[in-house]
Amino acid sequence: MEGVLSHTTTTAQWAEGLRRNDPKTLSSLYTRHFPTVCNYVQQNNGSEDDARDVFQESMVVLWLSVKEGRIVPEADPGGFIFRVAKNKWLDVLRSAAHRNMKVVQSERIVDPTDVVDADIEERIVRLRGVYDKLDDKCRQVLDQFYYERKDLATIATGMGVEEESIRTIKYRCMMKLRAFRKAIRGEEERQG
Amino acid sequence: MMNGMLDRDTFEAIEAYVLGTMPALERERFEERLRTDADLLAEVEQQTEHIRAVELGGLQRALKDIGRQQAAPAPGRSWMPYLKVAAAVAVVLCAALWYLNRPTTGERLYAAHYQPDPGLPVAMSATDDQAFQDAMVAYKLGDHAEAKAKWSTLLKDRPKSDTLRYYTAMAALGAGEFGAAIPVLDDVAHERTSPFASKAAWYLFLACTHEGDTARANAIHFDPADPHAAEAAAIQQAWR
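Keeping their order, the protein sequence lines are chains A and B. Per the working numbering, the very first residue in the first sequence carries number 150; after that it's consecutive. Per the working numbering, the very first residue in the second sequence carries number -6; after that it's consecutive.
Since the hints were derived computationally from the structure, they do not count as laboratory data. All C-beta atoms, glycine included, are put in the ideal place defined by N, C-alpha and C. Hints should not be assumed to be uniformly reliable.
No more than 27 Å apart at the CA atoms, straight line, and that leaves these computed lysine-lysine pairs for DSS-like [said to hold, decoys possible]: (1) B:K149 / A:K216; (2) A:K216 / A:K299; (3) B:K57 / A:K173; (4) A:K237 / A:K299; (5) B:K77 / A:K325; (6) A:K325 / A:K286; (7) A:K331 / A:K286; (8) A:K299 / B:K192; (9) A:K286 / B:K77; (10) A:K325 / A:K299; (11) A:K282 / A:K299; (12) A:K286 / A:K237; (13) A:K173 / A:K331; (14) A:K216 / A:K286; (15) B:K192 / B:K149; (16) B:K149 / A:K237; (17) A:K237 / A:K216; (18) A:K282 / A:K325; (19) A:K282 / B:K57; (20) A:K216 / A:K173; (21) A:K286 / A:K299; (22) A:K331 / A:K216; (23) A:K325 / A:K237; (24) B:K57 / A:K216.
Counterexamples of contact, computed for chain B against chain A with all Cβ distances above 12 Å [as the list claims (entries may be wrong)]: (25) L18; (26) P109; (27) K133; (28) L147; (29) P176; (30) D180; (31) R209.
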């Protein structure tokens, strides 16, 4: 199988990079695979902005699939991204706004992993719902710690506060999320 | 799921387990507990989901950033002459705007000497005076308007608290609301027994300097041992 990233030697490295939220891996995957998706979308009545939207959504599906061990790391990410992006764009084309447009390739790519994709999509919606509950201040601290994997001292220095304050802010933000989820669960139990 | 608050030690243990940063031996013990403690297992599952949600938010931001960088068109050669003219016009306009809106002497001195109070360390307890701590978090993160609003609400119940009054004034200064900060600082500066009196006097001096009220600024006397005495004298000298 062809190496996926120019700076890596094995195909599994792109998956490891995604698991670590490595910015270089993300950027390499974007640079390498976006043109194919863009080409397809533009041939089918879409703009470059449309292509970016479906490509980024497809990257999210790839990322979560890797994080949760739903695809084998040896799989070709280019093929995966293209299949998800194509199906997403075909869904857009079927929407009311695009009913009258001519579609060059309209067949949906059927794949045994489509069932997994549907499950992943639901999970992404659910996770976005959780993230939406965080205010900007919490996102600022939590993003740096959990996504960028910066240590507390680095975050504290960057924000001009004490390390202990960042540690407390992180704890309090996560407890707010926990309290919110608890309230939702209580509400569901009362209704159900 | 555990009822009530999750203490910080347990939260951080779960976090280390989920992030894979827990030492091997500790991890073994933790997994042993997970086999018999359904509440702890539920907490681990929930925290895994919360961390994943935060990571997803970060990923979407990162993807948008990469998309924006790649979409930005590089300026073509043929646009260069127009860009040069546009840049020259922009420089002239900026210079004119700066001249019209240039800072006053007081504003310049204030900008040169003002260092925001770093605030108090945010306490570990999530229940101890939570409203005050929430405001302190906002203040530390530069959200001065929110901090001021929260502390002002608390001040209604505790109008004599010098801590609340001082930090309300600090938030007002941070928000550029000098008119709101000055009377509060004046009050605290005159309470000689308050641990905030000296700092309040210094910030009052700076706020009056910003507003060009040299008479009021000069009326504030600094003890020679005060850490700000020399700086205040230098500002007074600059006014002359």
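Going through the hints against the structure:
A C-alpha spacing of about 49 Å is found between K149 (chain B) and K216 (chain A), which places the hinted pair above 27 Å, so the restraint is violated. Our distance criterion of 27 Å between C-alpha atoms is met by K216 (chain A) and K299 (chain A), whose separation comes to about 19 Å. Under the criterion of a C-alpha separation no larger than 27 Å, the hint pairing K57 (chain B) with K173 (chain A) is consistent with the structure, at around 15 Å. Under the criterion of a C-alpha separation no larger than 27 Å, the hint pairing K237 (chain A) with K299 (chain A) is inconsistent with the structure, at around 34 Å.
Using a Cα cut-off of 27 Å, the hinted pair K77 (chain B) and K325 (chain A) is violated, with the two alpha carbons roughly 52 Å apart. At roughly 12 Å between alpha-carbon atoms, K325 (chain A) and K286 (chain A) fall within 27 Å of each other, so this suggested pair holds. Taken as a hint, the K331 (chain A) and K286 (chain A) pair is honoured in the structure, with Cα atoms around 21 Å apart against an allowance of 27 Å. With a CA separation close to 34 Å, the supplied pair K299 (chain A) and K192 (chain B) exceeds the 27 Å bound.
Distance restraint check for K286 (chain A) and K77 (chain B): the Cα-Cα separation of roughly 40 Å exceeds the 27 Å cut-off, and the hinted pair is therefore not satisfied. A threshold of 27 Å between alpha carbons decides the hint, and for K325 (chain A) with K299 (chain A) the separation of about 22 Å falls inside it, so the pair holds. Between the alpha carbons of K282 (chain A) and K299 (chain A) the distance comes to roughly 22 Å, so the proposed pair stays at or under 27 Å and holds. In summary, the hint linking K286 (chain A) to K237 (chain A) is not supported, as the alpha carbons are separated by about 33 Å, beyond the 27 Å threshold.
For the suggested pair K173 (chain A) and K331 (chain A), the alpha carbons sit about 37 Å apart, so the restraint of at most 27 Å is broken. Between K216 (chain A) and K286 (chain A) the CA atoms are separated by roughly 26 Å; this keeps the pair inside 27 Å, and the hint holds. Simply put, K192 (chain B) and K149 (chain B) have alpha-carbon atoms about 23 Å apart, close enough for the 27 Å limit, and the pair holds. Using a Cα cut-off of 27 Å, the hinted pair K149 (chain B) and K237 (chain A) is violated, with the two alpha carbons roughly 55 Å apart.
This hinted pair checks out: K237 (chain A) and K216 (chain A) have alpha carbons roughly 21 Å apart, not beyond 27 Å. Of the supplied pair hints, the one linking K282 (chain A) and K325 (chain A) holds, its CA atoms being roughly 9 Å apart against a limit of 27 Å. Proximity of K282 (chain A) to K57 (chain B) is assessed by CA-CA distance (about 20 Å); at most 27 Å being required, the pair is judged to hold. In summary, the hint linking K216 (chain A) to K173 (chain A) is supported, as the alpha carbons are separated by about 17 Å, within the 27 Å threshold.
As the CA atoms of K286 (chain A) and K299 (chain A) are separated by approximately 16 Å, the hinted pair is consistent with the 27 Å bound. For the given pair, K331 (chain A) sits about 25 Å from K216 (chain A) by alpha-carbon distance, which is consistent with the 27 Å threshold. Distance check on the hinted pair: K325 (chain A) and K237 (chain A) sit about 34 Å apart at the alpha-carbon level, beyond 27 Å; violated. About 20 Å separates the Cα atoms of K57 (chain B) and K216 (chain A), which keeps this hinted pair within 27 Å; it holds.
Consistency note on L18 (chain B): stated as away from chain A, and its beta-carbon is indeed over 12 Å from all of that chain's, at 22 Å minimum. Its closest Cβ contact with chain A, about 9 Å, brings P109 (chain B) to no more than 12 Å, contrary to its assignment away from the interface. The claim that K133 (chain B) is not at the interface with chain A is violated, since a C-beta of that chain comes within 12 Å of its own (minimum 5 Å). Non-interface status of L147 (chain B) relative to chain A is upheld: no Cβ of that chain comes within 12 Å, the nearest being about 17 Å off.
Non-interface call for P176 (chain B) relative to chain A: holds, since the shortest CB-CB distance, roughly 28 Å, exceeds 12 Å. Its beta-carbon lying about 27 Å from the closest one in chain A, D180 (chain B) satisfies the requirement of being farther than 12 Å from that chain. Even its closest Cβ contact with chain A, about 30 Å, leaves R209 (chain B) beyond 12 Å, as expected for a residue assigned away from the interface.
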